[in-house]
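Engineer: Residue numbers (our numbering), protein chains in the order written: chain A, 1 to 290; chain B, 291 to 609; chain C, 610 to 827.
Hints may contain errors.
Said to hold, decoys possible - Just the calculated beta-carbon pair ranges, DEER-fashion:
#, chain 1, residue 1, chain 2, residue 2, range
1, B, 561, A, 241, 18 to 24 Å
2, A, 189, B, 472, 14 to 20 Å
3, B, 422, A, 167, 52 to 58 Å
4, B, 426, A, 128, 23 to 29 Å
5, B, 606, A, 60, 18 to 24 Å
6, A, 276, C, 630, 18 to 24 Å
7, B, 483, C, 705, 24 to 30 Å
8, A, 94, C, 677, 58 to 64 Å
9, A, 241, C, 814, 40 to 46 Å
10, B, 440, A, 145, 58 to 64 Å
Simulated from the structure, these hints should not be mistaken for laboratory data. Backbone N, C-alpha and C define an ideal beta-carbon position, used for all residues, glycine too.
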Amino acid sequence: MTEIFDIYLLEAVINGILFGGVLALLALGLNLIFGVIDVTWICYAELVMVGMYGMYFLVSVYHVPYWAAAPMCILLVAGMGALLHILVIQPLLSAPPINQLLATGGVLFFLQSFATVAFGIDFRNLGIQLPVLTFAEMNFSYSRLLSFAAALVGMIAVYIFMKRTYTGIAIRAIAQDRQIMALMGVDTRRIYLITSALGGALAGLASCLLVLQYDVHPFVGLSFGPITFLICVLGGLGNFVGGFVAAFVFAEIISLGGLFSDLEWGYVLAFGFFIIMMFVRPGGLLARRS
Amino acid sequence: MTLHWPWAWLAAAILIALPFVYRDPYHMHILILILIWSFAYTSWSMMGRFGLVSLGHGGFMGVGAYVTALLWNHLGLSPWIGIPVSLVCAGVLAVIVGYPCFRFRITGHYFVLVTLALSGIVLQIITASRDYTGGSLGFSPNRTKGSSLAALQFDDKITWYLIALGVWAVGLLIWHWVDRSMDRYALEAISEDEDAAAAAGVNVTWEKLKITVISALMTAFAGALYCQYQMFITPDTVSGISVSLQMVFAAVVGGLYVALGPTVGAIITILLAEILRIGFGTKAVGWDNLIYGVLLVLFIIFLPKGILGSTLARIRTWR
Amino acid sequence: MNETSGMLELKTVDAGYGSFQALFGVSIGVNAGEAVAVIGPNGAGKTTLMRVISGLIRPSRGSIAMEGADVVSTPAHRIIGLGIAHVPENRRLFPRLTVEDNLKMGAFMPGARARCAERMAFVFDLFPRMKERRNQLAGTMSGGEQQMCAIGRALMSNPKLLLLDEPSAGLAPVQVLKVVDRAYLLEAGSIRAAGTAAELQGSDTIKQAYLGIEEMQR
């Protein structure tokens, strides 16, 4: 009896790690925008939602193969990120930060309702069924495994970009000292735009991965948006490593919580953990900016 | 905004007399909704005006509504007991979330995100306990026959109007009371520069916690009131991000720093929703939020003081 | 006064911050191949002057030309393309980037990237200590090392004009005049004196500006 219990536990732990990959991807996107531009896109999860709808339409309705649709989707959401920056964030760069936040809140509203009006509230599914890998009496869906691998690849790609390319270094630099960037010949507006597109691209990648596992509907953003925010806060807004670690911690809690009860309680458990952490105040709550 | 007493009394007299003169039930219904939501939006603005922007007030409203209704349906506890209990729950929630935030100087972005998560979690809890709460399908308090004071259910629109009017007025009174208190200056100092305020002897954590609890209690009360009036609640209408954002939208558009600003915001949001409903029928689902979203963005960019706030500022410069 | 058509020319420049004016009718010239100092007491406007030249602040009046090209109408981030490199006050390195990444940022400009390796070798030659510390985070170095890194970063773009803001913070003007060809005295936003280093070294005007000492030879 305990043997079976252990297997289920191990399965949940591993599933947690797999889930953590995608959450880490989301956290990275949010942290990027905050760390560089100093704004929080409250509507980040809604960008993912739009990406998921994009994939649904490309794959299920227009029968574009998944492997071709994914890059298109990433480009689409990258474009949306850039658009968001130009239309909403840029006019507000010198306004109080609260205003920037509220404006993205307005965009959240807008995207959710747009999806409701345009696509209806029905749940849509991509219709792709990937097989399940059975290993030592544990079951792991290939979609989970693929998501984890793709998320990891995505994050490594971003890491290399930030370390090796001039633009990547400039993005890191601008987060540290915005005012002297012009002295290096850097057009800050362009860097912000590129960063926004990159944040969007990460959301787009996440949407390609999430759409394999979950149904899409206008409010699907509410399922992982709040969790992403908690992850980033706990890891420290703008702290890439912190967000990465916190993502896996939360994913484990959700996964293990789901083992014992409904999935929703896993989220509640995660929030409770977050509250406790705030009281205990580990180093994770120390961020570069507040 | 100072209360010019003769005008205030005149307005109060008109408002109180109104339902006895003009009784169209539909219009009464709209007015009641406007009053209840004005109170809710004013509650949010109690914090919002000091820079403590919370996107979690949907959570407090949900707690107020659901705890009252659940206690009535499952335990037979009258709302006279249920509402205070729900207020206590909301207050406790506010302290649990607020205390670590304020104690550890979690402000700005962090604070908003934490409150956002709060409302999300409350929504999840309500949905997850669907066996008790009915989940997304909604929940109805058990009806009593006719009007009952013990059950706080009234058939009569006039009664509800007067109750809502009274509550709304109390909300404004609380606003004025805070306005005149030392806490107001402390909170304004805090919103300008926390460290300087602390250095000047302000107990930052305590002040922030006080206003948060006041705001949370008022919002929860609005939720309970709404529940008793509408007799039907769903997680989306009383809790969650949508409600939270709606509060922000209304307060921003109406005028965040002005007592009657949230009321103006309520008038706008409710009338807009009704116009859309009448004009488009069921196709209107989602359109109202769509327009809110666009308007919120536009207002933040172009008119951050809101309609009332900007108008008042203009008037002051004319003088 | 020199009326040479120099490499860098400022003519009657007014500039300030909002309603506060910091520079009044400043005219300065720098020729190729010479070292020019702008000396003056604290608050005279020296940093403002540097910022105006590198485009961080726009002048409200006057003209600035670099080899004939109009600087005022050039966007700030293109001024480095005109050959002007600025080492800001307090160095302003990127603290959490390595020395090497800081230097790379100096060569960000498209024209400079192709020569990045070459320029970096030049900088390491000039400052061997930087080569030792190339992978160290810039914020963890000492003040002197940061200064070397900041100057090195400015040199990465192979500039024609190097602006150094307070490189020798608080160094007495007498010492500064020993290493430059010409100098200007800036006081309360206006040029009070100008000339070769030798001319200014003997001048009483400098002493007055810095110490408020009245002429004592009467």
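Engineer: Hint by hint, note whether the structure agrees.
Structural biologist: Each hint tested on the structure:
1. Evaluation of the 18 to 24 Å hint for residue 561/B and residue 241/A yields a failure: the beta carbon distance comes to about 50 Å.
2. Separation of residue 189/A from residue 472/B is about 45 Å and departs from the stated range, judged on CB atoms against 14 to 20 Å.
3. For residue 422/B paired with residue 167/A, a C-beta distance near 54 Å keeps the hint of 52 to 58 Å intact.
4. Evaluation of the 23 to 29 Å hint for residue 426/B and residue 128/A yields a pass: the beta carbon distance comes to about 27 Å.
5. One distance hint, 18 to 24 Å for the beta-carbon pair residue 606/B and residue 60/A, is violated here, with the actual separation near 58 Å.
6. Residue 276/A and residue 630/C have their C-beta atoms about 56 Å apart, which leaves the hinted 18 to 24 Å range violated.
7. Range check, residue 483/B to residue 705/C: about 27 Å between beta-carbon atoms, so the 24 to 30 Å window is met.
8. Hint check: residue 94/A to residue 677/C, Cβ distance near 35 Å, so the stated range 58 to 64 Å is violated.
9. Taking 40 to 46 Å as the suggested C-beta distance range, the pair residue 241/A and residue 814/C does not conform, at roughly 57 Å.
10. Evaluation of the 58 to 64 Å hint for residue 440/B and residue 145/A yields a pass: the beta carbon distance comes to about 59 Å.
Hint violations for this structure: numbers 1, 2, 5, 6, 8, 9, all remaining hints satisfied.
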